[in-house]
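Chains L and Z, in that order, give the protein sequences. Here this note's numbering is used: position 7 in the first sequence is 7, and no number is missing along the way. Here this note's numbering is used: position 33 in the second sequence is 33, and no number is missing along the way.
Because the hints were derived from the structure by calculation, they are not lab data. One should not assume that every hint holds.
No farther apart than 30 Å at their CA atoms in a straight line, the calculated lysine-lysine pairs in the BS3-like style are these [to be verified]: (1) Lys-34(L) to Lys-129(Z); (2) Lys-7(L) to Lys-129(Z); (3) Lys-76(L) to Lys-129(Z); (4) Lys-76(L) to Lys-34(L); (5) Lys-44(L) to Lys-79(Z); (6) Lys-15(L) to Lys-129(Z); (7) Lys-60(L) to Lys-76(L); (8) Lys-60(L) to Lys-9(L).
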Amino acid sequence: MNASAAKFKPGDRVKVRFEDRPGHLRTPWYVRGKTGWVERVYGKFLNPESLAFGRDGLPKKTLYLVAFNQCDLWGKANKADKLLVDIYEHWLDPAA
Amino acid sequence: MSTASDEHGHDHPKHELSHYAKRIYAIRDLLVEKGVISEKDIQCQVEYQEARSPANGAKLVARAWVEPAFKARFIADPKAACAEMGIDATAINEFVVLENTERVRHMVVCTLCSCYPRPILGRPPDWYKSFNYRQRSVVEPRGVMSEFGLELPDNVEVRVHDSTADIRYIVLPLRPAGTDGLSQADLAKLVTRDSMIGVMDPLPAVPE
Numbered sequence: 001m002n003a004s005a006a007k008f009k010p011g012d013r014v015k016v017r018f019e020d021r022p023g024h025l026r027t028p029w030y031v032r033g034k035t036g037w038v039e040r041v042y043g044k045f046l047n048p049e050s051l052a053f054g055r056d057g058l059p060k061k062t063l064y065l066v067a068f069n070q071c072d073l074w075g076k077a078n079k080a081d082k083l084l085v086d087i088y089e090h091w092l093d094p095a096a
Numbered sequence: 001m002s003t004a005s006d007e008h009g010h011d012h013p014k015h016e017l018s019h020y021a022k023r024i025y026a027i028r029d030l031l032v033e034k035g036v037i038s039e040k041d042i043q044c045q046v047e048y049q050e051a052r053s054p055a056n057g058a059k060l061v062a063r064a065w066v067e068p069a070f071k072a073r074f075i076a077d078p079k080a081a082c083a084e085m086g087i088d089a090t091a092i093n094e095f096v097v098l099e100n101t102e103r104v105r106h107m108v109v110c111t112l113c114s115c116y117p118r119p120i121l122g123r124p125p126d127w128y129k130s131f132n133y134r135q136r137s138v139v140e141p142r143g144v145m146s147e148f149g150l151e152l153p154d155n156v157e158v159r160v161h162d163s164t165a166d167i168r169y170i171v172l173p174l175r176p177a178g179t180d181g182l183s184q185a186d187l188a189k190l191v192t193r194d195s196m197i198g199v200m201d202p203l204p205a206v207p208e
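Using the sequences and the hints given, assemble the complete structure.
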């Protein structure tokens, strides 16, 4: 996996963009606008938001495993529990 | 399934079909009629889909339990470990093994649809695709697990993986206690599909 060109590294805090637009979006609603951190950099993959419409999926997008505290998503949850989502780079901004 | 032959040479189910089933059969008939695919292609594909089953995953898990070196390879490069066992995982883009420990438990869902490591686990169960599981597994994973019979203490960390992209996940469950003397083949019988999705433990060892 080529992770060399990745914008974020494991441990970086990231905020998921709160975006909605017509099309095929792979970022679940429940994490949009939420802050978590990068657990793992998976490398570059064809962009499913383009593939879904029969296009070439290029340029490839870096895919991350992003972790969230369950209590940051839902309020009430076990403090240790996490939710981990595979998110493409163009959905992520740096967070403090 | 009860079937009836019709004039174009293959069987359709006799009972009333849903809208989508009717549409699928119509598309199938058209593809065959126009020579895009053959009846044989369809049959081969059905056989291929049916041949993939959780038995593949169970073999991988049982060997990982008894051979630490294999477990390390399985976690480091799951697709290579599959090839070594004669399991074809090439259809998976990226394959990741989530190892359960005494302190950390993993559970897998796809809230967007039904992404699932089919070469390793076969077809997903209906509940995996249900709105109920897809909603509740992310919001209240402990509640879902308890309905499968798994009660976790508060000091165990639950990690729910929402499989929304090219990665396919399998849980490597903890080996049940009291299974020291079992062969790999007998261990594999304890590794249920649901334990590799992460919603429950493997079956307990059968007392002598």
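Does the alpha-carbon distance linking Lys-60(L) and Lys-9(L) stay inside the 30 Å limit? It holds: about 18 Å lies between the C-alpha atoms, which stays within 30 Å.
Are the Cα atoms of Lys-76(L) and Lys-129(Z) separated by 30 Å or less? At roughly 25 Å apart (the allowed maximum being 30 Å), Lys-129(Z) and Lys-76(L) satisfy the hint.
Need the status of pair Lys-34(L), Lys-129(Z): alpha-carbon distance at most 30 Å? At roughly 25 Å apart (the allowed maximum being 30 Å), Lys-129(Z) and Lys-34(L) satisfy the hint.
Hey, Lys-7(L) versus Lys-129(Z), does the alpha-carbon distance stay inside 30 Å? violated, 34 Å
Does the structure keep Lys-76(L) and Lys-34(L) at a Cα separation of 30 Å or less? At roughly 16 Å apart (the allowed maximum being 30 Å), Lys-34(L) and Lys-76(L) satisfy the hint.
Can the restraint linking Lys-44(L) and Lys-79(Z) be considered satisfied, given a maximum Cα separation of 30 Å? Given that 30 Å is the threshold and the Cα spacing comes to 18 Å, the pair holds.
Does Lys-76(L) lie within 30 Å of Lys-60(L) when you go C-alpha to C-alpha? violated, 37 Å
Quickly compare the C-alpha distance for Lys-15(L) and Lys-129(Z) to 30 Å and report which way the hint goes. holds, 28 Å
Going through the hint list in order, the structure does not satisfy hints 2 and 7.
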